[in-house]
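> Work out the full structure, taking the sequences as your base and the hints as a guide.
Top line first, the protein sequences correspond to chains A and B.
Take the first sequence: its letter number 28 is residue 27 in numbering that gives the first Met the number 0, and every next letter is one higher.
Take the second sequence: its letter number 338 is residue 337 in numbering that gives the first Met the number 0, and every next letter is one higher.
Since the hints were derived computationally from the structure, they do not count as laboratory data.
Ideal Cβ positions, reconstructed from N, Cα and C, are used throughout, including at glycine.
Warning: the hint list may mix true and false statements.
Per label pair, the in silico range of CB-to-CB distance [said to hold, decoys possible]:
(1) A:S147 <-> B:G263: 32 to 42 Å
(2) A:S147 <-> B:V259: 44 to 54 Å
(3) B:A323 <-> A:I87: 37 to 47 Å
(4) A:Q26 <-> B:V259: 19 to 29 Å
(5) B:G309 <-> A:P80: 20 to 30 Å
(6) A:S118 <-> B:I255: 27 to 37 Å
(7) B:G363 <-> A:L90: 45 to 55 Å
(8) A:K103 <-> B:E87: 24 to 34 Å
(9) B:V259 <-> A:M117: 27 to 37 Å
(10) A:L107 <-> B:P165: 26 to 36 Å
(11) A:L107 <-> B:H79: 34 to 44 Å
(12) B:G363 <-> A:R149: 28 to 38 Å
(13) B:A368 <-> A:S118: 28 to 38 Å
(14) B:E180 <-> A:S74: 51 to 61 Å
According to the in silico footprint, chain B covers these stretches of chain A (three or more CB under 8 Å from chain B) [to be verified]:
(15) 53-60
(16) 73-84
(17) 146-154
Facing chain A, from chain B, some residues (calculated, C-beta under 8 Å) [claimed, not checked]:
(18) Y184
(19) L269
(20) G341
The primary structure of each chain is shown beneath.
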Amino acid sequence: MVTVPEEIRRQIEDLHARYIRVVDDGQWEEWPQLFTETCVYKIITRENFDQGLPLSVMECHSRGMLQDRVTGLRSINVFEPHRYLHQISGLSIESISGHRILCKSNYLVIRTMLDGNMSIFSAGVYLDQVALSSEGARFEQRLVVADSRRIETLLVLPL
Amino acid sequence: MLQWPAEGVTRSPYRVMSDPEIYSLEQERIFRGPVWNYLCLEAELPKTGGFRTTYIGDTPIIVARDKDAAVNAMVNRCAHKGAMLCVEAGGTRQNFTCPYHNWTYDLAGNLRGVAFQHGVAGQGGMPADFDLAQHGLERLRTETFQGLVFGTFSDSVEPLEQYLGPGMLANLRRVFHKPLEVLGYHHQTLENNWKLYMENSRDPYHATILHTFYATFKLNRLTMDGGITIEHGGWHSMNYSKGATMREGGYEGTGIRSVVENVGLADPSLIAGRQEFDDGITVAVQSLFPSCVNQQIYNTLALRQIVPLGPLRSELHWTIFGYADDDPELRTMRLKQSNLIGPAGFVSIDDGVIGEWVQRGIGGRGAEASSIMEMGGREIASTTGSRATEATLRGFWQGYRSLMGW
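Structure representation (structure tokens):
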């Protein structure tokens, strides 16, 4: 842990709050804008992560690939409509190097289906690399490490 | 207990997708019957003591590599009181010791020790005639082919290679032709009967319709050269296509939902690939009766195994692999293309939900109805050229009926 200026903590908390609003309110077109152009976004299960296996459930290597995921869920893939409710907690800032922050948070995603069925869909940690700039904070890297090795039915909305 | 419709394999009664009695019979007549079940890859058991756990139907299984390099498969159930010996997916062990009463088995499943066998201070203990040799783990027959490990409870099933047949062996030789490296696993629960997934996996008719990503980005279309290969009277099948042979048209203007107009990929490096097989086949999905799928979708290679979790639920296990000698560029392509497959795959997302929609659709009155499979005729035969066929599904039901006695 490092001593963290309050301003930096606030910027990251704001980024998390925007992330929640964009994903949980279905403003998915704005989701890639929370990342830098050359970002990395991966969802990986704890099972693969702990064994050093490189396979991800979802793996994006650019903002364009994030946009393609939005295209997929808007107009290509078939799934039952549902929504997420994110809870993000326990922000811990691991290091600050210039405008680059490494930090870690817990996340919990509750999924609600059309018929009202609600379940804990995923829980785990965000391992983030955040870049600060005059335009605000953006993710250079977001690694979502999901505690469960199992995905129920399918995963189409970003965690 | 079940009267199969008079139309034969062009019909499948939906009752088989939900009836608990039928589910129990399948466990006995199919999973514990005269079939070879895929268990794991030899590459996952690199050293002596390496083990993996899996399931054959409802039965938990351990696969372990013994000192003489032999691969053994045993039921994951202590002979004493029935506790599972291993809960981990895999690892390395010198022996298998039950935590309940410390009964210890070697890597071949032989019982080597029983705690307090001779009692304590001359009191208690097992009877003098208790014979360790009579109380090992239940062993399965195993055979391996090109690094794939299969097991069976049956003494009567034919040898593995004869069971799979030359058409299936050819594709396994084609894919498993050099040392593998496992890249990771996916596990996905499906709210549907296991057979709905096996039907889906071998259905070339749906592939380019439901999976809009395929047709939109021209990864797989029925206007490509390809075909289906059938073995063992239909039990096993493969459907394949050759991407470079696609003819334009056939989809556009037909009203089929499968091509989305005016959509492009912002980052086409997602589907950048390399032709790594000299036969030009770019998609090959092979379904081995009863519950294994071997897939090549461009440069993604995976084995899938469906494990039933009761009549209405199942879990799909994916083992994604590359080759040990992949160069870094090819490895990166495989990992980027892995966005096509798995529970979040641009192609396979759609399969996650479709079985569930069928399962819900066939509730109630549906148990008295049957599905219709007459695309491509009423026969079960290999074809080259057209893949607008359901011969592969009719083949599955042929195998199912012969084992279930219907």
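> Which hints, by number, does the structure contradict?
2, 10 and 14
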